[in-house]
Amino acid sequence: MSDKKQDDEILGKAYDSKLMKRLLTYIKPYKKYVVFAIILNVLVAALGPLRPYLTKIAIDDYIVHSNYNGLMLIGAALFVSLLLQAVIQYFLTYYTQYLGQRTLYDIRTQIFEHTQKLALKFFDRTPIGRIVTRATNDVESLSELFSSGIVMVFSDVFIILWILGFMFFMDIPLSFVTLSVLPVLIYGTFLFRKKVRESYRDVRYHLARLNSYMQEHVTGMSVVQIFRKEKDELKKFSEINADHREANIKSIFYYAIFFPTVELLSSVAVALIVWYGGGEIIQSNLTIGILFAFIQYTEMFFRPIRDLSEKYNILQTSMASSERIFKLLDNQTFIKNPENAVKLNGISGKIEFKDVWFAYDDENYVLKNINFNINPGETVAIVGHTGAGKSTLINILTRFYDINKGSILLDGIDIRNVDKRDLRRYISIVLQDVFLFSGLIRSNINMDNDEIGIEKIINAAKTVGADKFISNLPNKYDEEVKERGATLSVGQKQLISFARALAYDPKILILDEATSSIDTETEQLIQTAIEKLLVGRTAIVIAHRLSTIQNADKIIVLHKGEIKEIGNHQELLAKRGIYYRLYQLQYKDQEIAKSN
Amino acid sequence: MKNLLTLKKYFVKYKTKLILGIIFILISNAGTVYLPILLKDAINDLRNNVSNQQLLKYALFIVGTSIVAGIFRYLIRQTIIVVSREIEYDLRGDFWEHIQKLPLRYFQNNSTGNIMSHATNDINAVRMFIGPAVMYSIDTIVRLIIVVAIMISINFSLTIYSLLPLPILSYGVYRIGKLIHEKYTKIQENFSELTTRAQENFSGIRIIKSYVREANEIKRWNELSKEYLRKNMSLVRIQALIMPILYLITGISIIIVIWIGGGKVINGEMNLGDISAFIVYLGILIWPVIAFGWVMNIIQQGEASMKRLNKILNEPYEIQDLSSADITVKDLKGEIELRNVSFRYSDSLPEVLKNITLKIPIGSSLAIVGHTGSGKTSLINLIPRLYDVTSGSVLIDGKEIKNIPLDVLRTNVAVVQQESFLFSDSVYGNISYGLKEVDKQRVEHAARIANFDKDVESFPKGYETIVGERGITFSGGQKQRASLARALATNPKILILDDSFSAVDTHTEEEILKNLKEFMKDRTSIMISHRISTVKDADNIVVLQNGKIAEQGTHEELVALNGLYADLHYKQLLEKELEELN
Numbered sequence: 001m002s003d004k005k006q007d008d009e010i011l012g013k014a015y016d017s018k019l020m021k022r023l024l025t026y027i028k029p030y031k032k033y034v035v036f037a038i039i040l041n042v043l044v045a046a047l048g049p050l051r052p053y054l055t056k057i058a059i060d061d062y063i064v065h066s067n068y069n070g071l072m073l074i075g076a077a078l079f080v081s082l083l084l085q086a087v088i089q090y091f092l093t094y095y096t097q098y099l100g101q102r103t104l105y106d107i108r109t110q111i112f113e114h115t116q117k118l119a120l121k122f123f124d125r126t127p128i129g130r131i132v133t134r135a136t137n138d139v140e141s142l143s144e145l146f147s148s149g150i151v152m153v154f155s156d157v158f159i160i161l162w163i164l165g166f167m168f169f170m171d172i173p174l175s176f177v178t179l180s181v182l183p184v185l186i187y188g189t190f191l192f193r194k195k196v197r198e199s200y201r202d203v204r205y206h207l208a209r210l211n212s213y214m215q216e217h218v219t220g221m222s223v224v225q226i227f228r229k230e231k232d233e234l235k236k237f238s239e240i241n242a243d244h245r246e247a248n249i250k251s252i253f254y255y256a257i258f259f260p261t262v263e264l265l266s267s268v269a270v271a272l273i274v275w276y277g278g279g280e281i282i283q284s285n286l287t288i289g290i291l292f293a294f295i296q297y298t299e300m301f302f303r304p305i306r307d308l309s310e311k312y313n314i315l316q317t318s319m320a321s322s323e324r325i326f327k328l329l330d331n332q333t334f335i336k337n338p339e340n341a342v343k344l345n346g347i348s349g350k351i352e353f354k355d356v357w358f359a360y361d362d363e364n365y366v367l368k369n370i371n372f373n374i375n376p377g378e379t380v381a382i383v384g385h386t387g388a389g390k391s392t393l394i395n396i397l398t399r400f401y402d403i404n405k406g407s408i409l410l411d412g413i414d415i416r417n418v419d420k421r422d423l424r425r426y427i428s429i430v431l432q433d434v435f436l437f438s439g440l441i442r443s444n445i446n447m448d449n450d451e452i453g454i455e456k457i458i459n460a461a462k463t464v465g466a467d468k469f470i471s472n473l474p475n476k477y478d479e480e481v482k483e484r485g486a487t488l489s490v491g492q493k494q495l496i497s498f499a500r501a502l503a504y505d506p507k508i509l510i511l512d513e514a515t516s517s518i519d520t521e522t523e524q525l526i527q528t529a530i531e532k533l534l535v536g537r538t539a540i541v542i543a544h545r546l547s548t549i550q551n552a553d554k555i556i557v558l559h560k561g562e563i564k565e566i567g568n569h570q571e572l573l574a575k576r577g578i579y580y581r582l583y584q585l586q587y588k589d590q591e592i593a594k595s596n
Numbered sequence: 001m002k003n004l005l006t007l008k009k010y011f012v013k014y015k016t017k018l019i020l021g022i023i024f025i026l027i028s029n030a031g032t033v034y035l036p037i038l039l040k041d042a043i044n045d046l047r048n049n050v051s052n053q054q055l056l057k058y059a060l061f062i063v064g065t066s067i068v069a070g071i072f073r074y075l076i077r078q079t080i081i082v083v084s085r086e087i088e089y090d091l092r093g094d095f096w097e098h099i100q101k102l103p104l105r106y107f108q109n110n111s112t113g114n115i116m117s118h119a120t121n122d123i124n125a126v127r128m129f130i131g132p133a134v135m136y137s138i139d140t141i142v143r144l145i146i147v148v149a150i151m152i153s154i155n156f157s158l159t160i161y162s163l164l165p166l167p168i169l170s171y172g173v174y175r176i177g178k179l180i181h182e183k184y185t186k187i188q189e190n191f192s193e194l195t196t197r198a199q200e201n202f203s204g205i206r207i208i209k210s211y212v213r214e215a216n217e218i219k220r221w222n223e224l225s226k227e228y229l230r231k232n233m234s235l236v237r238i239q240a241l242i243m244p245i246l247y248l249i250t251g252i253s254i255i256i257v258i259w260i261g262g263g264k265v266i267n268g269e270m271n272l273g274d275i276s277a278f279i280v281y282l283g284i285l286i287w288p289v290i291a292f293g294w295v296m297n298i299i300q301q302g303e304a305s306m307k308r309l310n311k312i313l314n315e316p317y318e319i320q321d322l323s324s325a326d327i328t329v330k331d332l333k334g335e336i337e338l339r340n341v342s343f344r345y346s347d348s349l350p351e352v353l354k355n356i357t358l359k360i361p362i363g364s365s366l367a368i369v370g371h372t373g374s375g376k377t378s379l380i381n382l383i384p385r386l387y388d389v390t391s392g393s394v395l396i397d398g399k400e401i402k403n404i405p406l407d408v409l410r411t412n413v414a415v416v417q418q419e420s421f422l423f424s425d426s427v428y429g430n431i432s433y434g435l436k437e438v439d440k441q442r443v444e445h446a447a448r449i450a451n452f453d454k455d456v457e458s459f460p461k462g463y464e465t466i467v468g469e470r471g472i473t474f475s476g477g478q479k480q481r482a483s484l485a486r487a488l489a490t491n492p493k494i495l496i497l498d499d500s501f502s503a504v505d506t507h508t509e510e511e512i513l514k515n516l517k518e519f520m521k522d523r524t525s526i527m528i529s530h531r532i533s534t535v536k537d538a539d540n541i542v543v544l545q546n547g548k549i550a551e552q553g554t555h556e557e558l559v560a561l562n563g564l565y566a567d568l569h570y571k572q573l574l575e576k577e578l579e580e581l582n
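Chains A and B supply the protein sequences, listed in that same order. Number 596 marks the last residue of the first sequence (my numbering); no jumps. Number 582 marks the last residue of the second sequence (my numbering); no jumps.
Treat the hints with care, as some may be off.
[What the hints assert, rightly or not] Under the rule of at most 20 Å between Cα atoms (straight-line distance), these lysine to any residue pairs were calculated in the SDA-like manner: (1) B:Lys264 with B:Asn48; (2) B:Lys219 with A:Ser438; (3) B:Lys402 with A:Ser222; (4) A:Lys194 with A:Tyr205; (5) B:Lys311 with B:Leu7; (6) B:Lys186 with B:Ala304; (7) A:Lys482 with B:Gly113; (8) A:Lys195 with A:Tyr205; (9) B:Lys183 with A:Lys121; (10) A:Lys121 with B:Thr357; (11) A:Lys236 with B:Leu7; (12) A:Lys236 with B:Met116; (13) A:Lys235 with B:Asn48; (14) A:Lys554 with A:Val535.
Keep in mind that the hints were calculated from the coordinates and are not lab data.
Okay, chain A solo, but in the shape it has when bound:
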């Protein structure tokens, strides 16, 4: 909720030419089409105002003079202009909408592509909901600006100009008389828009309150019920509901007053035309046809003026959204790729940490002076308490974050000189919290990578022992993964992530062993799977199982960001330090259990 509020603060900012300029760059690729659409618009705008003029001719030249043939001719002309307008209008609407949608597509794509380049640091700091809103709702709110705003402004302006043109062409004094209501109409319309916008903002605020209340209490309904708060909550709900009702009723007022006022204004214009124009007709300075055409024009004025006032609104809302979008696009939190990246063509998998220091915030070091080597094919187990820096170690090895001091070498090459994608291609990570994507079991194993075919997928699954349960699913490897794997057990999800890592056949494997309790049967499966995964690879395991630790070539005991002990099982036992204590405890307990 608080994110929403913060975002909404960038609102109500009026026109900003810098933002507008930047927004206009998006239609640049379609410039020719835009110009063409505008020209067409200017022409079509004339067709509507043309008809009252034709009616005038019909009345003055033909009906009054009883010329039946001429009347037929005008009828045909009216019909042609109508048909022309309808057809052109259709294609124009379609066309401008296409331009708009196409532009939105470009922006949406650009935003998403940009986010994919941003470093993990950005995602750690920004609530996901906010990024999602940028790529979806914020883009959507630019829709009107691009689809109707830019092009249709010309149409509205030109309809008004054409009407004025015809009016002044027919009779100048009567034009001024008729137009005398126009300032009031324009002022009234813009005032109405402003008031409606304000009251609409109020409605939206109360609607948001109502929605978040309901959202919150539906989610927490069991709490409401357990504490028997139904009556109290209903009272609270009714208050919010009533506020929402009142805000709406207030906004009804503006509509209720606006529409009759507009009708009244056009009646005043008609009355003026009848009174003044009628007088002129009596003195034979004016024809009935002209009077008639003017009455029709008074009706025509209203729509373009209302549309223009709406466009002002569109502009305002798009300013707010575009500002938020550009802020994201300007975010440069990247992990830079080296300019002359060293190409990795097959690696042996030797890893060296040399005097590595790292802090997430440039101040509080979570890793201090880390030094160790891992030889190709070795398995290293990292042991330590929560917050000792284990996960950080993974983050810096894959360059999710860059280290502050020291260096990390892969096959003797500083990883900062290697293309990130190249680097990550050789490293697979299996995290504790398995993240499954919507899609199929199959696409979750190969991560939608067509280079990894179904045979490889099945092989990987078989190796880690996931094949058995997958084969029991109704659609096997084509079974759909629902809601991030809600239908799968924790253990099954683990096995899928093992298969995923294996399918990519990495040189280096990073494994964050799960601590959560799994039933004994799956536990056994996972144990075997891990053993198979480690064969022939350099591996770093954040270990929780004694068996994994004991079998490791090297054990690193990490404590408060520092390496306290390093060595293999035997060596560390001989040291009689932290590891020894840990082991003693576990061993002792198991011995007792056996003797019982």
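Given the coordinates of chain A, work out where chain B should sit on it, guided by the hints.
Below, chain B alone, put in the same frame as chain A:
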């Protein structure tokens, strides 16, 4: 239409305003319709030499009628549309009152998003029916009758010819409106797919980056985005028809008037004023004719939405006081007994609890351990009657809980749920949630027992801190301790903790357990946990497996048994030792 009958009681409630609204519609239409007559007479008079004074009179009449029509048009909105908002309020209130009484089962089978969509979209669609649809349909019918009558009185054949195209317009708007609605729904689906996609990508960005799948993700996004573009354009194809059809059909009507009417003027059958009146009348009819097609759609959507709402409003409450409830029960002591309890979530699902028999004496503590899905939470949910047993019985103080008034039962049983849920209220408000009013002392006392007091004191605003407000996000452990405090504040006879310390570190947990010991002295408690350290001191420990009691006894007994419990115990020792290095 039969679903909309539900609304009858609301219409009756506001009948005075509604009837007034209809009267206003009649009056304002009389004004609107009189205007062209004035115009007609003025123009006819112009051809027969008329005085300036006479013209001024016409002009003033035109303005005057328009003012009268305008005032009543204002009043129509102030009655009918206002009533629609009032009914919306009532309907949403009733909806909410009903929702609150639905059993937990309902909320687990229906997503929050789903319920929300009923509360917003469906109620809104019904509101559109009550307000605009009712207003415009009455307005249209009234206006149509009057205008057509006047037009016929001027010239019958011209009326028929000129009105001929209008039904096509109505039908066109109706069909197009329907298509637009369908396409729009599809676009909305596609949009939410885009949102889900983005959400998923950003949540899984770590995995995507580590498997270097960014390019593929971009490709998938662009495909979906293109699909969205395509769907939008297919809507545009239809939507773009509206204006041209409008021009064309109303234009044709006017051409007919000029053509045929003009001919009639030439023949002397009609005069110029009549034609101008016709054209103005056509202008007046256009909107109602369009509205007619539009209103038909609103009615259909309102009907569909009301049907969905009725379905919810007819959901049975399931868990409520029975007529056999013993209202003399005012308080509970806390002895719990389960007799041959079996439970399944629905007839089509397998049993999650099978024949459980268990006794928890007053003041004793029971701990439940077991794998995910073994039935732990299902079991404890039966005690405050969040669910009712499928067979067997649950007794408190020797009385079947079905016969204890729900109010009494739930006031005496406090549950701290697995997923701790706090409201966006102050800490005071949250912890005193179960109390009649905020009792600061009690809140602070409860916070102390839950070991939450120091955390609260470290917040800038202390107990007045609003949960979830900018910057202050509670950690999982803090949320759990807050909801524990909330339960303790109610002074329950029976306290149930459903894995309530999972996000609290072992050290803090130990302190809480120590505090609780004192608090629990004469209360009964049930505690679910994955941690052996949490449960080892319980009077009785039950190990659940596949809905059955697999092992039962004290910590020492169960370790000696060397079964599931002992296995779990050893696995957790290493982890614990690592934590303690801190």
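Quiz item: Going through the earlier hints one by one, which of them does the structure break, listed in rising order?
Solution: 9, 10, 11, 13
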